[in-house]
Each structure stands twice: as C-alpha cells, then as structure tokens.
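*Asks:* With chain B's structure known, arrange chain A on it following the hints.
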Amino acid sequence: MSVWNYVVTAHKPTNVTHSCVGNFTAPHELNLIVAKCSRIEIHLLTPQGLQPMLDVPIYGRIATLELFRPHGETQDLLFIATERYKFCVLQWESEAAEVITRAMGDVSDRIGRPTDNGQIGVIDPDCRLIGLHLYDGLFKVIPFDNKGQLKEAFNIRLEELQVLDIKFLYGCAKPTIVVLYQDNKDARHVKTYEVTLKDKDFVEGPWSQNNLDNGADLLIPVPPPLCGVLIIGEETIVYCSASAFKAVPITPSITRSYGRVDTDGSRYLLGDHNGLLHLLVITHEKEKVTGLKIELLGETSVASSISYLDNAVVFVGSSYGDSQLIKLNLHPDAKGSYVEVLERYVNLGPIVDFCVVDLEGQGQGQVVTCSGAYKDGSLRIVRNGIGINEQASVELQGIKGMWSLRSATDDPFDTFLVVSFISETRILAMNIEDELEETEIEGFYSNTQTLFCHDAIYDQIVQATSISVRLVSSTSRELRHEWFAPAGHSINVATANTTQVLLALGGGHLIYLEIGDGVLTEVKHTQLEYDISCLDINPIGDNPNYSHLAVVGMWTDISVRIFSLPDMNLVTKEPLGGEIIPRSVLLCTFEGMSYLLCALGDGHLLNFVLNTSTGELMDRKKVSLGTQPITLRTFSSKNATHVFAASDRPTVIYSSNKKLLYSNVNLKEVSLMCPFNSAAFADSLAIAKEGELTIGTIDDIQKLHIRSIPLREHARRICHQEQTRTFAICSLKHNQSSAEDFEIHFIRLLDDQTFDFISTYQLDQFECGCSILSCSFSDDSNVYYCIGTAYVMPEENEPSKGRILVFAVEDGKLQLIAEKETKGAVYSLNAFNGKLLAAINQKIQLYKWMLRDDGSRELQSECGHHGHILALYVQTRGDFIVVGDLMKSISLLIYKHEEGAIEERARDYNANWMSAVEILDDEIYLGAENNFNLFTVRKNSEGATDEERGRLEVVGEYHLGEFVNRFRHGSLVMRLPDSDIGQIPTVIFGSVNGVIGVIASLPHDQFVFLEKLQTQLRKVIKGVGGLSHEQWRSFYNEKKTVDSKNFLDGDLIESFLDLGRNRMEEISKAMSIPVEELMKRVEELTRLH
Amino acid sequence: MWKETRDREFGNLRPNSFVNRIATARISSIQLSNYKEIVSSHRGSVDSLQVDLTEGRYLLAGAADATVAVYDVQRATNYEGGGLIAKHKSVFVINKQHENGHKYAVSSAIWYPIDTGLFVTGSYDHHVNVWDTNTTQVVQNFKMPGKVYKIAMSPQARSHMLIATGTEDVQVRLCDIASGAFAHTLSGHRDGVMSLEWSTSSEWVLVTGGCDGAIRFWDIRRAGCFCILDQSHSQLGRRPPLLSRMTTNKKSSLAGQSSNEKVRAPQRKVPNGNALKLYSTGRVSSHVKTSKQRLHPGMLSSHDRATGHYGVVTGIKGTNDGMYLLTAGSDSRLKLWDIESGCNTLVNFETKRLQSTKAIQMAVSHDSALAFIPCMTTVKVFDMWSGQTKGTFRGHYENVNCCWYNAQDHELYTGGNDRQILVWSPSKIISDEMDEWRKGQQTADAVDRDNWSD
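Heads up: the protein sequence lines correspond to chains B and A, in order. Under the working numbering, the first sequence is numbered contiguously, ending at residue 1404. Under the working numbering, the second sequence is numbered contiguously, ending at residue 1509.
Keep in mind that a hint or two might mislead.
[Stated by the list, open to error] Pairs of lysine to any residue residues, derived as SDA-like cross-links and limited to a Cα-Cα distance of at most 25 angstroms, are as follows: (1) A:K1058 x B:E1353; (2) B:K500 x A:H1421; (3) A:K1058 x B:E1110; (4) B:K500 x A:S1441.
[To be verified] Here are some of the chain A residues that sit facing chain B, going by a computed Cβ distance under 8 angstroms: (5) M1056; (6) S1072; (7) R1112; (8) Q1129; (9) R1130; (10) A1238; (11) L1291; (12) R1293; (13) R1294; (14) G1377; (15) D1422.
[Unchecked claim] Stretches of chain A that chain B covers, calculated by requiring three or more beta carbons in the stretch to come under 8 angstroms of a beta carbon on chain B: (16) 1058 to 1068; (17) 1117 to 1125.
It is worth saying that the hints were derived from the structure and are not from the lab. Ideal Cβ positions, reconstructed from N, Cα and C, are used throughout, including at glycine.
In isolation and in its complexed conformation, chain B is listed as follows:
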C-alpha cells in the first residue's frame, strides 16, 4: 500500500440521526426529511408510501435539522446546522427538483468551550429567531427580520453550564426559551428566559421549576392552545406551564425521542431505550390541562427520531437497528401490540466490529459486521452483488438451452419451460399443484436439440432446430406450419421475437422469416462472407413485437453488423478488434437509451450506445465480467429491464442515472438463464448451473447485498475461523427482567453457513469479552479461538483483572483449553510470531504457548512493554507492533528476538485520541481518531538522528466525518487479475453510522491525476447549502485545522459520472483530457467497491 490513498464509501450511512415532517417541496405536499449523519433524504408522502425525491450529501455532520416557515411563505424551509459550526437554510426548487440555498453562515466563536451534551438548535415557533447552544455558557441568537431574512448573530451569556435541552415555548408574546439544566450538585431544573432582541440579552422568564426527576433529559414544547412544556424524566413525566403543573409516574425508562401526533399538541409518541413506543396524552378541558395519560403501544427499533406522518403512519428512525415505517392500529393484535411494521429500512450502524471472509471460496470478500446495539443487535453479511433466493431445483445435466413459453399470447404468466439438451428437448410445465413436471408439446421436435424458441403472435410458439423452424399452436399444442432449411444446409444459430425469426445457416447464409397466423414466410435470404456466431432481433423500437434492426456477430473478421429489417441491408459494421469472437449479442433499452451489448468468448463485454434510427454505434466501452464465454439474456424485475450475463462470474447489467452498472450475482458458474414468470414463482429466473436447474427470485438490484442475522443481543467482537468453518462472537445481553439492570456476557460459536449458535460459553459475573482472535501457535498444529476479557467490578474505575481464554472447537463445541489471568482488561489480541500478543491496559504483553509436562498447554508470559495510557488497538506485521493509544496517537514497537524484549522504535507525538489503527505497509500506518479524522504516519528509518528515527512523520490527513471502529485488509469485490484495479490494495472500514468504506492505495501518477480531477470537481459541484468540500475534508480537531493531504474523496470523484454532459465537458476541457477517457478512468475506480 502507499501514502496516496483514495477513500470511498461502499455503503452510505444508514443511522438515522434526525427526521422531520412538513410541506417542503410544495404547499400541499407532505414530506419526510431524514438526516443520516452527513446525508439528507427528502421523501414525498404518497398513498402508495414514501417516495424518495432526493438524497444528497451534506459537507458536514448534521447537528440540527429543523423545518420552519417564515411569515409570508407558503411552504417550509429547512434549517441545517453542522457540528463544525456552519449553518444553512435550504429551499426546494421544484422546477429543477433540487434544493437551493437561501442563507448560510458560520456560527463559530473564538470564545467558549464546545458543549459536552451535543449541540442544540431551535427555532422560535413564531419565526422571530433561531437559537443555538454550541458552547458552554453561551446562547447564540440569529434573529429574523420581518421579511424572514436572517440578520447578524449575537451571543447571550447563559448562567447554566450543564444544559441538557433547550426549547422555545409556544404562545409567548416575546420569544421565550425553556432551559433544562443540571446544577453542580447533579440536580435538574428548568428555567425560562425571554430573549429581548433589542437588548441582545435575556430577561427573566415567566416561570421556573426546580428539582425535577434526576433523569429528566428531554423537553417537549406544547403548541397552542395548551402551551407550556412537557419534561420527560426517567420515572416521571411532568407538564409545566406558568399556571399548571401535572405529573404522571412512568415505568423507569430512558426516553430517547418523541414525535407529535396532533397539531394541537395533545398526543405524543415517546420511544425509549428498549424500543418501546408509548403514547402520551394530555387530557384537557378546553385550554386547561387536567392531567397526563401514558399508554404502551408496542415495540419498534430503538428510536432515535420519531416522525408522525399521516393516517396513523409513523416513521421511526433508529441509530441502533433498522429504521421502520409503522402503522398504529386502532385495535391491538394477538400480542397486545398496536404497532404494525409496514417497512424496514436497513441500518448497519453502529458497526462495532467486522471481519472480511470469503465463505463461498469465490475469491470475493464479504463483510460480516457486528451491527446494532441492545436488543437490535445483529450480524450483517454484506457482499457485493445480487443474491438469488432459491425456490426449487432439480438435477439436470448438460442443458444447452432454456426458454420459457406461455400457453396463450395474452397470458400474463409463463407456463412451459423448454429445456434443450444435445440430442433432445424436454418440456417442463407447472401443473395444478404448482409443481414443475415434464410434459409434451406435440408439435415440437423433442428428440433433437432446440436452438431457439419463443412465443409468437396468434397464440403460437416457434421452435427452431437444426433442420427446420416449426410453428406450433400454444393452445392445441399442434404443429401449424414448418419451414425447412434448404437442403444441404443446417441451421446453426436462430433467434426470434413474437413476429420475426432470423436464422443463420452454415456458409454465412442468413434467412429472415416472418410469422403469420399459422404460416411462416421466408422474406429475405442473404449470404455473408463469413460464418455467423450469434444473432439478435430483440425489439427495442416503439413496436414491442417487431424489430427494425438485426444484429449479427461474425466469425473470422470478428465484427458485429447491424442489418435493417425486413430488407436486410447492412447498416453498420463494427470490427471488434482482437481475436476473440463474439458469442452473444443483445439489443436492449435501459432508461430510454438503446444499447447493443456484445459478449466475447473470453468473458469481456462490449457495450455501445445505439442510435435506433441510423443504426450508428457510439460510446464503445469494454469491461471484463469473467473468463468464460458469456450468454446475455434480458429479464425484468420490479418493472425495469435488466440483462443477465451468464458465465463463470454471472453478472446483472442495469442502468442507473443513464449509466450502465454491473453487479455480481452471488452464484458460481451459470451457463444459462431465462426468466420464468409462472403463477407460482412470480418474477423468477430459471438458472442452469453445474448439472442443476434452479428456479429462484432475484433480490433488489443494488450494488451491495445485505443479509441480516438478528441476535437480540449486542455483538461486540467477531472473528472467523476457516478451518472449523465457524464464527465466534463476544456478545452481551441486558437483563431487564429483574429490578437490577445487569449484563450477561457470552462467547458464542456460530456456523458460518447457517449462522446458528452452535455453542455458547457464558463468562463470569462482571466479566466482559473485549477481544477475540483465531490463531495457531508455533509447535502446535491446532487452531484456537483466543478471547480477552475484563472483570468490570462495580466498585472499580478501571478493570484490574481480566483473563485470556483459549478455546478449541471440538465437535462443534467450544472447549476451554487454557486460561491465563491478566492484570487488567485485554483490549486487543494478535497472533505474533507463533505467540500471542495481548494489550492489557497500558501494557503490551507477549505470551508463549507452552506444553506442560502433563501434556496440557498454558500461556506463559515472555516479555512486555509499558508506556501507554491505554493500548486499545494493536496491529502487527513481522516483528513490528503498531499500537493505537487511547490518547497518544500511534507508536511503533519492535520485538527483538535475541533479547526477547519489546522496545519502542518510534512514535507520533501528536495528541490523537485513537479509535482504530491499521498497518498499510512496512512503512505506512493508518489511524482513525476521535474527531472523525483519518491520518497516515510514516516510519522514518532513514532518519539521520535518533530524534528523526524516533518520530513517526504524519504524511496524510483527512476528515472522514465518520467514527471508525475498525479497519481490516480486504476487498468487497472480485479481484480480476487482468484489470489495473485488481492490483490496488485496499482496506475496509466500518463506522458508527453504518458506513462501510474502502481506502485504496493508489500509484502516485494516478493519485496526481485524480487530485487534479478532484480540484476541478470542487469548482463544478457546489456543496448543498454552500458548504465547502475543501473545508469539510480538512483535518480538524480542537488544536488545529489543516487541509487534507494525501487522501482523496472518492465519493466526490465518482460523482463525476452523475454530471450532465456539458459539465463533464467543462471539466474535460480544464483537465485537457477527453470526456470518454475521464469517464473510463473514473468508472474503473467505481469497481473498487
């Protein structure tokens, strides 16, 4: 790997941090706006459900998301503030269907200390001002003028230091805030302040309330006519206003989010830390509040935001599990729940740990993550490509061709599946029991190989064999007409659509037939100079039954030719170059664009944009999909056309933003595919592979395929053991049944195919699993799982005791082989020179695996190294040990064999609080730190002085904007040896927001080129809300802000492909590189993830 790194997101953030509902896109349209850390999504509420309208990145981590409506506006504006003290006001521009920036600015201050409890942003309900609490002791006010424009901001001093929540009160003559705070004796109170814009100061507010519930954490302002505020505690909920005080006790819980149901503010949904959803009702007589009622509705994911949409439909955004769209029913179901989940939105966050494995042994990595928290904990198997869900399969050897047929032209479903073999043709059909059984079509030749068949008009079927073409009635199944090949010639290749048949005979003869009612008419016969290898007349014009173009792939001169039909005039001849003949051609239309796809015998695919009126071929592109000949076939899924390329690496070709994309299918070699949309297996595909015929449905067409394994407990560490085909995880379960809340920690063994728990080892009371490793030791051929633990005693601040447990998997069970007590928490375990390297509190300790006299094994400490605050993250390579410290960045240690000692070699003297480290190569180490930055350091072994050699030099810096928990070497994509991309080493990371990203080390020249492109793109692509990309990616912590260096933002670079043609040209001009060349190079990069 190298210093020049390219960072790209493979899976976008899915952790819903904020959501709000309002009329954003039009006065009468209801929108749900969802913030996922550094992205916002705008959805439109329709009777069919939520319809996505826009999904855009924000150059910042969103701290506040609020909809508001200034006076005189008919629709809402969106206020966003970022954690780096930028804010913007966005407005929907309906013509271009995009957001425009109404206002923006910077609200950072030189004075003040950033708040501990998170930034707060609130908007006065009467739109007089925006209030921000960003620094302790300061309340920032951005006033509106009477035209709804923002004026200059100012600060007001706030007496309260530990502010927990601030909200504006409704129905006040002067803007009034209510502040929930904690005093220095940990008691919680609320206070109100009026903001006087004239004095730029606070005036004593109308009321205050002291000594609330100790867990009070959330304020809900109540709109008119009731006004006042709800204070949500852990044991009580209080309604408070100048004139009333009502309290209701609740079962102890931590309320994390709320959503208002009615505009009059009498009902609220509350979501707690266990995912329970409650309804809070304010009972009132006219405007006088008489009491509070609370009722349990049911269980959802642990909610981080709740947005009531309409008609009892609620969006539940979650940080710890999948977000959900739920419906609140009037009557409870059998389990007493009023909650019905309508839809789930996958959330991988928080990814606490993950491992990269290749379970199928296909050479393609997949990521298994520990996702979610609390009861929503799960494992997620993330892989590139599309999954096939098998529904039925039969063993069938030697399939040569496969087509599905209908029993009548207007039948919506397929009935027959024609399977052709070398010397026979068999017909399968769905019987009444929805089983596939063999049947016959009398009109078919069944004791020869079928070259092609297709439904035809007038309830007919065509079958092409080497000697003839037969027209068969699909209702009576009798032969209606047969056309014979001229004597001495046999048909080699055939294709057809509902009205046309095209045949290629030996010697380059090409014959065109048209299908009538019970008759086949030979319309044209020509002879080409060479033999024909493949044909296609898939209709792509306006008429779905008739094609004006025929495509022919040729032997010998290796070309594709386009002929017009019916007169068979040559329109275009495109030499393909090279020596590999085309094996399959296909005409198809994606998103209104016509393409010609041409697959070669060596697994390459050429695609051209086809001008259907002139037959002209443009934008030739070549990609490598596999190594074997490819067969192309179209199919449709969810009303869109896709192409299936069957080969040793089956691929689905689809289009997004008028751009062809290739997605792997998670199957091994597939020889043939045909869509088979039967009544029993709707939207299915019939797939022939390795002596088997499978019928299955296809997943959503998307790049990453995610499978969820819900655990109902929180998995924290995972590791895979190839030899035993198992995963081991450290997990914990919160026990809520008893009065005392305690945790039980487990080591669990899972089968790597079924993901079932096959063995469990429960840890001691107060003992927690901290690290896990699969390794083997020198002088011992067995593989072991090593687990590091900590005893977290309630009376201790820091664990002073832990264990290292060594397990072997025997008969699918965890067998404890050895255990070793440690003087602290074992934060990390690494296999190191056939020994075990553990990070125990501030110490790095090396253990030998010793054979005792009695034949048992034990861990024996060999040597150690002190000098860390907490050695949290450790990676090793050879004799080198790279340590990520709690707060002292990265240090490099070396193990000296002769002395049997570990010594410090070098250190980065910056004060980075680490969250993950990885070794990129011998010289370069990668770190992620607490302020969402990435950086690389370089070992300076050639330094002239001790001082220079002892210093790890910072060589790369970048603001990722994500909290990274883990790096792992590996890749999500198949590495094809023949592509340049295949040589680029990559590291995968997982973040708290559910981001899976890839860091690729580029060669220097490519980096320089892309850096130039990035600079141009920054000029052309303007950040939403006027936020600057350069600033966003600059390395940022409390001490310094410096421009990013030696890292590139792949997400920005790859967005080049989504630009309009003229903007691409603008960049191409600035770069003085043709657009096609740019596209090619960027497209190549997209194949990294």
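*Replies:* Leaving out everything else, chain A in the frame of chain B:
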C-alpha cells in the same frame, strides 16, 4: 475508561464527551508522579515553565541562576527502577557561560507559539533574548529599561509577532520579532508590570497586571488602555444579573440601547473587524463602557485609579474558553473576572497566603474547571466556580513559583525555589511489575532509605 471506550464504540457516548470525561477523571487523580521525573539542571529557583504549544513535547524552564533548559517530556532519556521510572534530563542548558547567556535570573522563558524553532527569554539583566532552538544562539536581543518580569506572545496571532514585556518600568513594551525593534509602548500603569497575558480570543488584546494593583486591557491597535478592572465592580455568578421582567420594558430603551450602540461603534471602525470575531475586544462591559468611551484615552477620572488587587498583581491567567480571567495579588487573593462585563465574580478562593514578592505563574485545566495555584510551598487546586480547594500538592521544599498544565498528557509541572521541577501526573494503574519492584526496593534499600520522600 473501560466503560467510556465501550459506550463510544457504538455511538452511545459522543466522542468529545468521551475525551472530556476521561480527561476529568485523569485530572482528579493527579498526584506526584511515581513513573516520571524531570532531572533539574538548575542551580537557582525555577521561575518559569512552559511546554511548547505545537507538539506538547518540550518543556522550557527559566531559573534564577540565569539558566534556561529544555526538557523532552514525552521521551525519556533513561529509565530507572527496573525500567518503570522514566527520567527526563534536559535536552540542552544555556547558562551564564554561554556567550549570549543572561547575566542574572531568567524570570520568564516562552516558546514561539507557532513552532519550536524559536524561544524567548526575559531576564533581570534587562534583556529579552530571542533564541534559535537548534543552534542555541541568540538571534535577536532587546534592551529593556529595567528588570524583565514577564514576557508573553499571543498564541492566536496570525498577523503579528510581538513579545509583550512587563518590566520594572511603568511602560509595557512590545518587541517585534519581525523587525527586531520595539513596535510601541503601552503607558498607563503607575508602577512596574509583573504579569501580563495575551487574550485567548483576540490576537490584539493584551492584559497586564501592575505593581500598582491595576489590571488593564489593551487593544494594541489603539492608543491607551480600554478597560481597567475594578474590584468593587462585581457580579454574583457567571453572568451579570438578568434584567427583571418588570423593569426591562421601561429601562430597555435607555440603558440597553446606549450600551449597544456604544458597543458596536468601535467595532465598525476596525479594519477586518468582521472577519476577526472581536468578541471580547469591543464588547467589554456595558457598565464600564458607558463611562469608558468618554474617558478614553486619557482616563483621567477616578476610574483610572481603579484597582484589581490591593498591592501587586502577581499573576494573570485567562481561562481557555476566553470568557474569564484569574488574577493573583500580593494581597494573597485570587480573583476571577468576567471579561465581557469586567466584573469581579466574587468567587471566594480559599487561599491562605500567596507569595507576594515574586510573580507567580498559575495554570488552568483544559476545561477551565480547575485552577492550579502556587501557594507558598504547595500547589493548590481550586474548583474554578466554587473556589473550594480540591487538592493540595505537597512536594516542593521551598516556595513554588510556577506551574504549567500539559493538557495533552493531563500532567502538571511545577518549579520552585528548591530548584526542582516536579511532575504531577494521573496515577497509573499500578501493574504487577511495579508492585514487585517496589517490594524488592523496600527490602533491599530499607537500610539507607531516608524519611524525606513524598
């Protein structure tokens, strides 16, 4: 830390809260370090300590024997006690024998804030020297009219390289490294200036504390001082009292407006005033300001005689959030001032006696919650907002002169008349080796152990 680390990894604890919690926990466990020692190279009292602001690695010390030394606090020179006690010897020492060395006591030694390539020393020999760290040669020399008590450079400064110098003389001089000449002098104090500090929020604002008991704020772009702290002006708590609901409506048009207008007026005149957030510069105290604007620049009235302390202002330290100022006086009092309002916050620090003959160097923790104050032979830790003593560090045998808080490692360094530099650090989780080594030591050295150790 274990629980915090776990909560952080699944997003249950915000990363900045994580840092603050751990830092707070670490500070609260500070004690005389049992694993880190600085081997003092000084033969006189240590009067000034500063760790560089860029890497937090090099401790610069100035002492009364005219020596200046630099210690690497991150990388030990050698280890003792079975490799468990790190010894930090000086990287270099400059003493009287050095060709450019000071002749008398070095009262103040500071790093150039941008990098460690330069450092500056001020001495009782009336000189301020600017040193090249790598060659340990003087690159600039400023001759002062009297003993130099205190020098300071602004860590915020982007557009100037000025060394503010407090001496026996009544004038504060600004030495410009860029030109090698005095930029200008600030006149107002009626006696020497023992303590001074640049504002943490604006690169143009300097605070000085004089032997006349006055604490003056200067905007160096304008003549004269713009604010003098008056100990009789006070507020209870973190901000001036709220306007009460009844009176505001009547009052606001008078008091409120006048103060606002006045506040804003000077800001507009300032070039690039908008770009630089001159929060504390322009907007100091609505109370003081109304009269101040009229008085300026001469400040002839009684207000000019206002004092912050009775006696000499011996120490000044701003809080890191830029909102408050802590001052020490020979009246043995500590005062915490609200910079914006210019009011004494009336926090009652439980001090008994402070050194009165010498400037003291105080320190504030990273979150401004704790103040570390040299109190005779001890260093006291005060809670900033209650004034309560949170701890007393006893280790020096004679008076403590200076302390420096290293926010990066949560360590405190103190220097005293006993010529020692002591390290106070968060207690390490004692590992087994340490215990074993200790045991071994005790038995082996039981005979020749003295009773002096901490």
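*Asks:* Against this structure, judge whether each hint is valid.
*Replies:* Hints and how they fare:
{"no.": "1", "hint": "A:K1058 x B:E1353", "verdict": "holds, 24 angstroms"}
{"no.": "2", "hint": "B:K500 x A:H1421", "verdict": "holds, 21 angstroms"}
{"no.": "3", "hint": "A:K1058 x B:E1110", "verdict": "holds, 13 angstroms"}
{"no.": "4", "hint": "B:K500 x A:S1441", "verdict": "holds, 12 angstroms"}
{"no.": "5", "hint": "M1056", "verdict": "holds, 6 angstroms"}
{"no.": "6", "hint": "S1072", "verdict": "holds, 5 angstroms"}
{"no.": "7", "hint": "R1112", "verdict": "holds, 5 angstroms"}
{"no.": "8", "hint": "Q1129", "verdict": "holds, 6 angstroms"}
{"no.": "9", "hint": "R1130", "verdict": "holds, 7 angstroms"}
{"no.": "10", "hint": "A1238", "verdict": "violated, 23 angstroms"}
{"no.": "11", "hint": "L1291", "verdict": "violated, 10 angstroms"}
{"no.": "12", "hint": "R1293", "verdict": "holds, 5 angstroms"}
{"no.": "13", "hint": "R1294", "verdict": "holds, 4 angstroms"}
{"no.": "14", "hint": "G1377", "verdict": "holds, 3 angstroms"}
{"no.": "15", "hint": "D1422", "verdict": "holds, 6 angstroms"}
{"no.": "16", "hint": "1058 to 1068", "verdict": "holds (count 8)"}
{"no.": "17", "hint": "1117 to 1125", "verdict": "violated (count 0)"}
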